[in-house]
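Asker: Sequence:
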Amino acid sequence: MSHGFETLAIHAGQDPEARTGAVIPPIYQTSTYAQDAVGAPRQGYEYSRSGNPTRDALQECLAALEGGPVGLAFASGLAAEDTLLRTVCRPGDHVVIPDDAYGGTYRLFAKVAERWGLEYTPAKVSDPDAVRAAIRPGTTKIVWVETPTNPLLGIADIATLAGVAHDADALLVVDNTFASPYLQQPIAHGADVVVHSTTKYIGGHSDVVGGALIAADRSLGEELRYHQNAMGAVNGPFDAWLTLRGIKTLGVRMDRHCDNAERIAAYLDGHAKVGQVIYPGLPAHPGHEVAAKQMRRFGGMISFRAAGGEEHAVEICNRAKLFVLAESLGGVESLIEHPGRMTHASAAGSPLEVPGDLVRLSVGIETVDDLLADLEQALG
Numbered sequence: 005m006s007h008g009f010e011t012l013a014i015h016a017g018q019d020p021e022a023r024t025g026a027v028i029p030p031i032y033q034t035s036t037y038a039q040d041a042v043g044a045p046r047q048g049y050e051y052s053r054s055g056n057p058t059r060d061a062l063q064e065c066l067a068a069l070e071g072g073p074v075g076l077a078f079a080s081g082l083a084a085e086d087t088l089l090r091t092v093c094r095p096g097d098h099v100v101i102p103d104d105a106y107g108g109t110y111r112l113f114a115k116v117a118e119r120w121g122l123e124y125t126p127a128k129v130s131d132p133d134a135v136r137a138a139i140r141p142g143t144t145k146i147v148w149v150e151t152p153t154n155p156l157l158g159i160a161d162i163a164t165l166a167g168v169a170h171d172a173d174a175l176l177v178v179d180n181t182f183a184s185p186y187l188q189q190p191i192a193h194g195a196d197v198v199v200h201s202t203t204k205y206i207g208g209h210s211d212v213v214g215g216a217l218i219a220a221d222r223s224l225g226e227e228l229r230y231h232q233n234a235m236g237a238v239n240g241p242f243d244a245w246l247t248l249r250g251i252k253t254l255g256v257r258m259d260r261h262c263d264n265a266e267r268i269a270a271y272l273d274g275h276a277k278v279g280q281v282i283y284p285g286l287p288a289h290p291g292h293e294v295a296a297k298q299m300r301r302f303g304g305m306i307s308f309r310a311a312g313g314e315e316h317a318v319e320i321c322n323r324a325k326l327f328v329l330a331e332s333l334g335g336v337e338s339l340i341e342h343p344g345r346m347t348h349a350s351a352a353g354s355p356l357e358v359p360g361d362l363v364r365l366s367v368g369i370e371t372v373d374d375l376l377a378d379l380e381q382a383l384g
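Counting the sequence shown from 1 gives a position; my numbering is that position plus 4.
Please keep in mind that the hints were generated in silico from the structure rather than gathered at the bench.
Among the clues, some could well be false.
Cross-link-like lysine to any residue pairs, in silico, SDA-like; alpha carbons within 20 Å at most [as the list claims (entries may be wrong)]:
#1 K297 / K115
#2 K325 / Y271
#3 K115 / R345
Label pairs and their calculated CB-CB ranges [as the list claims (entries may be wrong)]:
#4 H170 / A288: 29 to 37 Å
#5 E337 / E293: 48 to 56 Å
#6 Y51 / A296: 25 to 33 Å
#7 E331 / V256: 33 to 41 Å
Cβ atoms here follow ideal geometry from the backbone N, Cα and C, with glycine treated the same way.
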């Protein structure tokens, strides 16, 4: 029997605890487990890096929400990315990455993986021909996609890029952090691996850091699971429990994020002190039709360019009050940031450098009229 998204978010991997009937999965705050005999761990549990019931509950839920057979939870989104790269790639291999991507992802490629011998080429992921041209036949192992991208909210056609990647015998990896599995399920469109920073919308309350991988193929998923244990970048049981708690309200939160973002994008569009609004839900966005095809709604992230240039963008960020000046995104509270000086500072001087006049909003679930009033005074 199949269930709807919200039902899976509340129940997948989260049956009442067998001994007491506790409705919420317990926090198994233990490092090790008593074994029934030498070589006979009870229910397969021997050490919490290798397996923990709280983390297993989260992993089962993540897999169900993304529609893959294997879900894996990590200490952070970057820990998940690093594990994926070192599982699939070898020194001398090549990856196509977005020319607009999270600064931490770019730093991982440019400052860490490149020293290990992994080469990469940035390409515009909204342009399948550009991605195809960036592929090195026989060497490219991964086409890495964000959709929407961070922070310029570009949209990649997942199904088309799956074909491009598979024609080159490469995997399509989709970072689904900005959309969340409620709004978009890349595996259904042909992706091989989905990446999340569960810190963001999945956790949803700015109180826990985590990451996830969901594999479309069980054998690849088990290989990733082996490396998860071998490399050890797992999340602790309390972090897994907090993330599970956040997941339960993901659907209702995302609907409110989208409601508020749509109102704010419409307000900013055409505002005299805003040069450009970048939001996939606006019909003028170049990726609007593709986003409408593969997303349930258009998300809670908005970027815009300040009409007064970079200093005006910084002033807007500094003047905001309800919009908290902070990095990260996807929590119930609204955040504002200057990507060029904050989350994407590591991309300065690179092909991924972001415009200096750019402001990024993570629109929360507060009363939208209060958020609009805050932006009005912040714009000056």
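Asker: Against each hint, give a clear statement of whether it holds in the structure.
Answerer: Structure-based check of all given hints:
1. K297 / K115: violated, 36 Å
2. K325 / Y271: The given pair, whose Cα atoms are some 18 Å apart, holds under the 20 Å limit.
3. K115 / R345: Within the cut-off at roughly 18 Å; holds.
4. H170 / A288: 29 to 37 Å: holds, 32 Å
5. E337 / E293: 48 to 56 Å: violated, 32 Å
6. Y51 / A296: 25 to 33 Å: Since Y51 and A296 have Cβ atoms about 47 Å apart, the given range 25 to 33 Å is violated.
7. E331 / V256: 33 to 41 Å: violated, 25 Å
Of the numbered hints given earlier, the model fails hints 1, 5, 6, 7; all others are met.
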